[in-house]
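Visitor: Here is what each chain is made of, one letter per residue.
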Amino acid sequence: MTPDWDTSRAEGIIAKYLQLEGPMLPILHALQEEFGYINDDAIRLVAQTLNVSRAEVYGVVSFYHDFRQAPHGRHVLKICRAEACQSMGSEANAQKFLETLNLEWGGTTPDGRLTVESVYCLGLCACGPSAMLDGDLHARVDLQGLEALAGEAV
Amino acid sequence: MRIFVPRDSVSVALGSDKLAAAIAAQAAERGVDVSIIRNGSRGLFWLEPLVEIETAQGRVGFGPMTLADVPGLFADNLAGHPKAVGLVEEIPFLAKQQRLTFARCGITDPLSLADYQAHDGFKGLEKARALEPAAICAAVKDSGLRGRGGAGFPTGIKWETVRTAKAEQKYIVCNADEGDSGTFADRLIIEADPFCLIEGMAIAGLAVGATRGYVYLRSEYPLAIQILREAIVIATEAGLLPNFALEVREGAGAYVCGEETALLDSLEGKRGMVRAKPPIPALQGLFGQPTVINNVLSLAAVPYILDAGAAAYAACGMGRSRGTMPVQLAGNIKHGGLFEIAFGITLGELINDIGGGTASGRPVRAVQAGGPLGAYFAPSQFDTPYDYEAFAARDGLIGHGGLVVFDDTVDMAHMARFAMEFCAHESCGKCTPCRIGSTRGMETLDKIMAGEKVAENTEILRDLCETMKFGSLCALGGFTPYPVVSALNLFPEDFGATPLPAAAE
Ligand SMILES: Cc1cc2nc3c(=O)[nH]c(=O)nc-3n(C[C@H](O)[C@H](O)[C@H](O)COP(=O)(O)O)c2cc1C
Ligand code: FES
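Chains E and Y are the protein sequences, given in the same order.
Count along the first sequence from 1, then add 56; that gives the number in our numbering.
Count along the second sequence from 1, then add 1; that gives the number in our numbering.
In isolation and in its complexed conformation, chain E is listed as follows:
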């Protein structure tokens, strides 16, 4: 579980990156890593510290697919939807998989256990279809493979 927002801890995290040139993305990555998502408090604090407007920070957070403004499930399964995985039948598998969980792309199971997201290429394109569960890569993942990964995510 990711911890609740804590301003002083956030300040400590931000301080570690301030000596970098262009620290915005490293800071946002680090805050998301710690707190699970980028909330309004985080946006305000980053804006203050870097001396830019909140709109500027919000613009950055909303631009990049990686940054989330709401928490996701305890586990995140990213399924590759790019061309090479498509050529190995990824889309049909993923559709069936989402149907069995009764989820849309980006959705989270009602028990908060699993979020399923799309990703466009994991660099495993000769061994597709590919997926990533909580940062761990998996190749040659067919429908049963997806179901097995979902089963691991308890």
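Rather than coming from a laboratory, the hints here were simulated on the basis of the structure.
Just so you know, even glycine gets a beta-carbon here, dropped at the ideal spot from N, CA and C.
There is no bait here: all hints are sound.
Restricting the straight-line Cα-Cα distance to at most 27 Å, the calculated cross-link-like pairs of lysine-lysine (DSS-like) are:
| # | chain 1 | residue 1 | chain 2 | residue 2 |
| --- | --- | --- | --- | --- |
| 1 | Y | K167 | Y | K271 |
| 2 | Y | K335 | E | K152 |
| 3 | Y | K271 | E | K72 |
| 4 | Y | K448 | E | K152 |
Facing chain E, from chain Y, some residues (calculated, C-beta under 10 Å):
| # | residue |
| --- | --- |
| 5 | V11 |
| 6 | W47 |
| 7 | R188 |
| 8 | G252 |
| 9 | A253 |
| 10 | A255 |
| 11 | Y256 |
| 12 | L268 |
| 13 | K271 |
| 14 | A331 |
| 15 | T359 |
| 16 | V411 |
| 17 | H415 |
| 18 | H426 |
Which stretches of chain E does chain Y cover? Using the computed rule of at least three CB atoms under 8 Å from a CB of chain Y, they are:
| # | segment |
| --- | --- |
| 19 | 117 to 123 |
| 20 | 133 to 143 |
| 21 | 169 to 177 |
Given the structure of chain E, go ahead and fit chain Y with the ligands onto it with the hints provided.
Guide: Coordinates of chain Y with the ligands only, in the frame set by chain E:
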């Protein structure tokens, strides 16, 4: 006994960590003294996890390995192991390659400086240190090396521009955003031979007078990030990078940040918006300073060029495409992996002879060359030589060297729609043809696929593609039409039109 178990993303994604642990446990149980080396992958991905055992004759391979195959590695008759593939270097897929950039890939432990140095590592940098900056740029120019990120711009000319620019601070930026589906060469060299990229960047620094370098690495590659960060610490602590500060920066899942000016904005901490050119990054790049921005493969080609000489590199290739290209065989292909070869080999040789056709065993129907912005090719065009100009003459591009194979079950109208959808999803939004055009393109394709006024809508789609091609700020909007129009031209039957006559197929 020395046993090699690869640690690149593909091998790990196929269970190589568990395999390494099982081999260690099995050895302990049997009281056999083994040292397990976590090498990088050779890039023969259909064989991964490919475990190698050192023998008097050379390294023999076993793959694709499963946990059940582990005890057999300790049997007397290794050749009888069900997964034995013989001497790895004699596997035709590897034996037929010309590995200049990927020479060490899979052979060495990626984080062993001793291994790197024992295999010609840092010789290029050493030679560069003895040269004037202008001479380093000249060597790169003479090698004929062209940017491997997609645009194919001569690397030596770019360096020369940065070298002659006057500034307090110059930068070397490595583009490791590798967003194209079907490409993994950047990832592989970073995970299998990270010192090679570090050496290339250090040489670039000497050539142009830059003391800082950044590698912009996509967040989808967690292992590559980890390995490269470790390698930089090792090289720096060994004193190999005097006066060159190198740092890895993680991307945040935006395809357009592979475009060089969007990448620079992203590094500066902004939204990844494409900048209008001029000014070119070579003169006003990162934080407005003169900047070399090159793809991983361009930079990783440089140590060989400096060590073996520009002429040795330029001796390979055809026409204006000099040297070798790490071609990436991906998608529905039997022998997928990295195939580094001199330019000039034909598309058909790559797909059929080297790649072995489809993984599904069905006929090849289409090949997308050069990523999501690259054209589709049909088997009737398999005589096209792998060469920048020959591909361009067929309205295609080599791009970053990816080839994605599809069998005859593919619906090309669906793939054309995906190209538009991807562009809409990833557009930075700065220019209208890309931002709006891609959405309109998607809608028009939906109508065509629903059989609605097919001829008129196809005309509208072609017209829209022209607008995107000529009106977009960067190649995201500008090249998305290539997969769309090539699919329309080659596979009209998938768009509700009459198929091409058999002779033209
Ligand atoms: C939408 C888009 C995405 C791109 N993605 C990449 C990429 O992931 N990696 C890369 O090296 N170049 C990419 N490029 C090309 C870069 O803009 C640029 O040409 C390249 O980094 C220059 O390096 P090179 O001369 O060594 O190829 C992309 C271009 C566009 C328009
Ligand atoms: S396309 Fe799925 S891993 Fe590259």
